[in-house]
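Asker: Chains as they are written, first to last, in the numbering used here: chain A, 4 to 196; chain B, 4 to 196.
Worth flagging that the hints you see were computed from the coordinates, not collected in a lab.
Possibly wrong hints are sitting among the right ones.
Taking beta-carbon pairs under 8 Å as the criterion, some of the chain A residues facing chain B (in silico) [as the list claims (entries may be wrong)]:
no.: 1; residue: 108
no.: 2; residue: 109
no.: 3; residue: 111
no.: 4; residue: 113
no.: 5; residue: 117
no.: 6; residue: 126
no.: 7; residue: 129
no.: 8; residue: 160
no.: 9; residue: 162
no.: 10; residue: 166
no.: 11; residue: 171
no.: 12; residue: 180
DSS-like cross-link-like pairs, simulated, lysine-lysine; straight-line CA separation at most 30 Å [stated by the list, open to error]:
no.: 13; chain 1: B; residue 1: 31; chain 2: A; residue 2: 31
no.: 14; chain 1: B; residue 1: 52; chain 2: A; residue 2: 52
no.: 15; chain 1: A; residue 1: 52; chain 2: B; residue 2: 31
no.: 16; chain 1: A; residue 1: 9; chain 2: A; residue 2: 123
no.: 17; chain 1: B; residue 1: 52; chain 2: A; residue 2: 31
Covered by chain A, according to a simulated footprint, are these stretches of chain B (three or more residues, beta-carbon under 8 Å) [said to hold, decoys possible]:
no.: 18; stretch: 118-132
no.: 19; stretch: 165-172
Beta carbons are placed, not taken as given, at the ideal position from N, Cα and C, and that holds for glycine.
Number of protein chains: 2
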Amino acid sequence: MSTNTKERIVDAGATLFRRQGYSATGVKQIVTEAEAPFSSLYHFFPQGKDELAAEIIRSSGQMFQQLVEFVFDSSPDILTGVQNCFAGAAETLRQTDYADACPIATVALEVASTNEPLRKATADVFESWIKSATERFVSAGVPESTARELAIGLIGALEGAFLLSRAARSTEPMDVAGAAAVATVQAALTRSA
Amino acid sequence: MSTNTKERIVDAGATLFRRQGYSATGVKQIVTEAEAPFSSLYHFFPQGKDELAAEIIRSSGQMFQQLVEFVFDSSPDILTGVQNCFAGAAETLRQTDYADACPIATVALEVASTNEPLRKATADVFESWIKSATERFVSAGVPESTARELAIGLIGALEGAFLLSRAARSTEPMDVAGAAAVATVQAALTRSA
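Bound conformation, chain A alone (with noise of 0.2 Å):
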């Protein structure tokens, strides 16, 4: 079987696992909305529903990451990409009704306590965030130990006003967010400097 039909059964299920979680969705529903016969699953991903799960987490979360990079690396500066993260952000929940956030969140807090291969997955894509977004407040000369606490506290902050957001179908947390951020960071660098 193709590559093509691996592809669309990840797309999918990353599609599904972003919007209604981890729980709620059968592998049934994913290769349905994957037109890939319902064999292909296990060819691919022979243990079933956990390893194809630990593959989305693994390639959305780096995905999310490409996109923030982006994102980054097309602003002037460091303070305008935190502007144009938040903001791109908050333009995507109104553009997709509240549905596309972080592609790992949901999944993340229901696998947390109950599935420790998938709950490491998760901790493994939140890290490599962290650790992408400490090198670039490093490279703008904020040092190593604030760097990462910047990092945190940017995720942590871009997490919660996803979550906010998505429940009251309002822009406001995260436009809130992304303010406190841009301040955050813009005192950060004047102490660095």
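Fit chain B to the known structure of chain A by using the hints.
Answerer: Just chain B now, with coordinates in the frame of chain A:
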């Protein structure tokens, strides 16, 4: 059937929802954990799982708010209150092996795009928390619009830190969020003085 049975059902459901989410929790597991007869669930909640879920969201949201208000009321000032809230959240994460965090976050993400009545119930809880925190900041002398932004930012930061801490099985994100929250509130109080 006694109110006690109803309370046991709501309590058991709240624990399961908090730890494993909405979709993974069946009504059978709830009545088993509650040591209640199966029929009692439909006696108290004729519409079944969704009606119970709405009750759980509202009651556990209210309990969490009362807990936070108690922490603030027991603290000598609002800044210490903020510090104690984040420190208490970190302590609870450690004591419960990273299981007990926000009572409604997992469910809120699961239902945001799939179950409008439950989405609304989670939105109402978050708005009630935001209003309560806003009033507290206003009482401390912060102008109303700034107070609402502070409240949204702090609740978002707490939620994001719960997610990152549960995934990483580390209180680092909660500790970082707490320190940032204290600094943010301190700056707002200084500006308002």
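Asker: Are there hints from earlier that the structure breaks, and if so, what are their numbers?
Answerer: none
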